[in-house]
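Following the hints, complete the assembly by docking chains B and C onto the known chain A.
Residue numbers (my numbering), protein chains in the order written: chain A, 1 to 269; chain B, 1001 to 1293; chain C, 2001 to 2161.
Each hint should be verified, as a subset may be incorrect.
Using 20 Å as the maximum straight-line C-alpha spacing, the simulated SDA-like pairs for lysine to any residue come out as follows [stated by the list, open to error]:
| # | chain 1 | residue 1 | chain 2 | residue 2 |
| --- | --- | --- | --- | --- |
| 1 | C | K2011 | B | V1026 |
| 2 | C | K2105 | A | Q207 |
| 3 | B | K1015 | C | K2105 |
| 4 | C | K2011 | B | A1019 |
| 5 | B | K1081 | C | D2029 |
| 6 | A | K35 | A | G17 |
| 7 | B | K1080 | C | K2105 |
| 8 | C | K2011 | B | G1112 |
| 9 | C | K2032 | A | D265 |
Ranges of calculated distance between the beta carbons of each label pair, as one might list FRET restraints [claimed, not checked]:
| # | chain 1 | residue 1 | chain 2 | residue 2 | range |
| --- | --- | --- | --- | --- | --- |
| 10 | A | D148 | C | G2096 | 43 to 53 Å |
| 11 | B | E1150 | A | S210 | 13 to 23 Å |
| 12 | C | S2119 | B | R1071 | 32 to 42 Å |
| 13 | C | K2105 | B | N1111 | 56 to 66 Å |
| 14 | B | L1086 | A | S175 | 46 to 56 Å |
| 15 | C | T2030 | B | S1286 | 50 to 60 Å |
| 16 | B | P1217 | A | D177 | 27 to 37 Å |
| 17 | A | S178 | B | V1216 | 28 to 38 Å |
| 18 | B | P1217 | A | S210 | 49 to 59 Å |
Hints were generated in silico from the structure; no laboratory data involved.
C-beta: ideal position from N, C-alpha, C; glycine also.
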Amino acid sequence: MHLANEFRFRSYGVTIGIESNRDDVLSKAVAVVRKSLLDRLEIVENQQVDHYFGITLDDAGIFTLYQNGERNTEGESERNFFKFFGSIIRLTVAEYAESRVFVHAGVVGWKGQAIVLPARSFQGKTTLVAELVRNGAAYYSDEYAIFDENGMVHSFPRMLAMRGIEDEYIQTDVSVDSLGGAAGTAPIPVGMVLITEFHEGALWQPQALSDGEGVMEMIPHTIPIRFNPEFSLKVLKRIVNRAIIAKSPRNDAKEFSKILLNFFDNTLV
Amino acid sequence: MSESGNLRWFSLQNKVHEARICEAFVLFRKNDIEPILIKGWSAARLYPESHLRTYTDIDLGVSSADFDKARELLEDEDAKKLNIDLHNEFRHLDTVDWGLLFRDSRTISLNGTDIRILSAEDHLRILCIHWLTDNGAEKERLFDIHYAVENRAAGFDWQKCLDRAGPTRRRWVICAIGLAHKYTGLSLDGLPFSEEARNIPSWLIKSLEREWKLAVPLKGLYDSLHDWRFFIKQLRKRIPPNAVYSTIQCEGEFDDRPRASYQLRSLLKRALPAIGRIFKTIGARSGKREPRT
Amino acid sequence: MKNSQFPVARKNGLVVQEMPDEVLVYDLDTNKAHCLNQTAAMVWKSCDGNNTVSDIANLFEAQMGENVNEDFVWLAIDQLNENNLLEQEMKSNFEGQSRREVIKKIGLATMIGIPVIASLVAPPNALATASCACVTPGACPVQTGCPNLNNCNPAGICAPN
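Pulled out of the complex, with its shape left as it was, chain A reads as follows:
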C-alpha cells in the first residue's frame, strides 16, 4: 500500500514512517506522535524506515491503521483511534529502541535516586506516582522507566494519565504542575525497585528480593525483552545489582506514598 502523504522520523534510534491518504489525517497523526514521544524525535527524509504505519480515512468515516503492511485496527471514533495510535507508536519505540531498555513502570526521583514501580495497567501506578509527586518526589514517568546501558534511568515525563477523575476507566491528562510537583530531568541511579499492587487494608511488609528474583519480577514488564534479550538482561542486572528490590502489597496511595518515602529515607539515604 502506498499513500500520498508521508512523515518519517527517528526516536530513540527507531525510524518510523507514517503515511495517510489525507493531509489532515497525517497532520493529526504527526501531532499525536509528537505528543506521545514528548517531541523527542528528529525528522528524517529519504531514509529506509524500520517500521511503517498507514492511516486511512474512508468516505464512511472509518479510520484504519496499518502496521508494516498489515491491518492493525479500525474505528469510527477519531479520539479513540488516535489515542490507540499514540500508544502503538510509543510501544514500537519502546520495543525497538537502541541503547535503551524501556520498562513498563512508574518512576519518581527522591534525593537523587529513582524509585521504580514496575506494573501493568490498572494496577494504580499512576495514582501512586501522583501521590509521591505531591509529597515532593520528582516526576520521571508514569508509564516507562527508560534505562541506559549503565542502568541509569532517564525521564519520560508525559502528562500523567489518571483514571478515576471523569470515570473509573477513562484517562484524563494531568500535568505535573497541577500536582504541585516538578519533572526530573537528569538521569539518576535506581535506589529502589518496588514490586507492589493495591489491596484494600494491606500492610506494608516489604520483603527484600535477591538480585535474581528482582530480574525475574521485572522481565514481564520489560518491553524489548523479546526483541533484544541480551541487552535487556544486561541492563536489568546492572539495575538490580545496585538497587534494593522490595515486594509488598500496598494500601491507599495517599497514605502509602508517605510510608514509602519514609522507608526510603530510613534505608537508602
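Relative to chain A, chains B and C alone:
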C-alpha cells in the same frame, strides 16, 4: 485516609487517652481530690466494638471545695498534657446536688486504676443535657445516648434518671432520647415514656437540622475577631439565637409554644456581656500599637 | 563478630496497641506514634534484657522457621534506637556496611519482611473532627487535645500539618 488507617490511628489514640485518664486520677488522688469522670471514655465504654467512638479530652468534675486546688494542679506542664477539662461539680449540666451524684457514683477498673464514674442513670441524664446545651451540634454524639440506653444494665432506674432533676429537665431528657430514636434508630420498645419520646416539638427538629446544615463550630465572638469572615459566620449562628440553647438557658419547657420569648431573653443575657468583651478586646488590641511620635 | 549487648525494650511512657499484623506504639513523652510491622514488632518483643542479638536471630528460626542473620536483627534494633523504643542506646553492628548493603544481603537469605518502623500520623478527618479547644490560631501547643500541635486555622479547627 483509608478506613484501616483511621482505625489504627483512633484505636491507638483511645488507648493513649485511657492511659491519661489513669494518670489524671492518680494525680488528683495524690492531692486528696476525688474526681468523677463524665462523657468521653465513660460514654465510649458502652459502644460496641464495631463502632469506634473517639474522644480527645478528659472531663472531670470535682467538688466546689476542691475546685481551686484542682485548677492549680492543672497549671503544671505535665498535667496540661493530660488535657483535662475541669468542671466545678456539674452545675452547668445538672441541678442534682453533687453530694447525691457522688454518693451514687461508682468505680470501675481501667488498667488497674479505679476510675470513678456517675451512676448509669445520672450519666445518661447528663449526656442528654450536655448534648442539648451544645445545641445538638454534634449529631454523631447522639450515639452516646443511643448506646447508654440500649446497653443499660438490668435494673436501670428510669425514675432516678428522669425525675431527679425535676419535670422540666425530665422532658428534655426524654426528647433527647426521642431524637436518638429518630436519628440513630434507637429502639423505644419497652421504655415507659416511649410515646412521649416520639412526640418531639417541631421547633426542636428544625433547630437541630439548621444547626447541622450550618456545620460551623460555635466559637466565642471575641475569639473570632481576628478573621472578619469567620466573625460574620459566628454572628449568623447566633441570629436568630439557637432555639434549643435559648430554651435550656432559660430553663424553659420543651413544649410546642413558640421560642421567641426564650430567644429574646437568651439574647439579652448573652449580648450585653459579649459586647462588653468585644470592646474590651478591641481596646486591648489598639492599646498594643506603638504610639505615634 | 558476636555482639554481647542485651537490648531492652522501653516500657515507661509508652502506650502499646496490638493489631493483627502490627504493633502501634504511642510515645507519651514525645507525642509521636509509631507503627512496627510484624518483623520489627517481633524483634522489639524479644528485647527483654536476656536475649543477645544473636539469640533474637535464633528465635526467628524457632518461631517462623526462617533463617535470619544478626544483621537482619540489627536493622530492627537500629530503627528501635532511632525511635527511642529501647531503654538504652545500642551500638549498631553493621561493621561499616550501609543499611542498603545489609538489605541487599538479606534478599539472598530470607523471605521474612524487612523490619520497618513507620511514623503514624493523624488522618485528616482526625484533625477536622477533633474537639479542638483552641480559640485562637497558635494556641495548639497548650491545647493538647489537638492532634496537630502546631497549627489551628481561624475556624479553631486543627489544620493539617
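Agreement of K2032(C) and D265(A) with the hint, judged by alpha carbon distance not exceeding 20 Å: holds (18 Å)
With respect to the beta-carbon atoms only, verify the hint that P1217(B) and S210(A) lie 49 to 59 Å apart. At 55 Å between Cβs, range holds.
Taking 56 to 66 Å as the stated bounds, is the beta-carbon spacing between K2105(C) and N1111(B) within them? violated (42 Å)
Pairwise hint evaluation, G17(A) against K35(A), where the allowed Cα distance is 20 Å at most: The hint holds at about 16 Å.
Regarding L1086(B) and S175(A), is the given constraint of 46 to 56 Å on their beta-carbon distance met? Holds, since L1086(B) and S175(A) (Cβ atoms, about 53 Å apart) stay within the stated range.
Has the hinted range 43 to 53 Å been met by the Cβ atoms of D148(A) and G2096(C)? violated (31 Å)
Decide if the proposed pair is consistent with the structure: K1015(B) and K2105(C), CA atoms, cutoff 20 Å inclusive. violated (38 Å)
CB-CB spacing for R1071(B) and S2119(C) relative to the 32 to 42 Å hint: holds (35 Å)
With respect to the beta-carbon atoms only, verify the hint that P1217(B) and D177(A) lie 27 to 37 Å apart. Because 35 Å falls inside the window, the suggested range holds.
Go ahead and decide if the range 50 to 60 Å is satisfied by the Cβ distance of T2030(C) to S1286(B). With a Cβ separation near 41 Å, T2030(C) and S1286(B) fall outside 50 to 60 Å, so the hint is violated.
Between K1081(B) and D2029(C), does the CA-CA distance stay at or below 20 Å? holds (9 Å)
Would you say the C-beta atoms of E1150(B) and S210(A) sit inside 13 to 23 Å of each other? Hint violated: Cβ distance 56 Å, outside 13 to 23 Å.
Hint compliance for this structure: hints 3, 7, 10, 11, 13, 15 are broken, all remaining hints hold.
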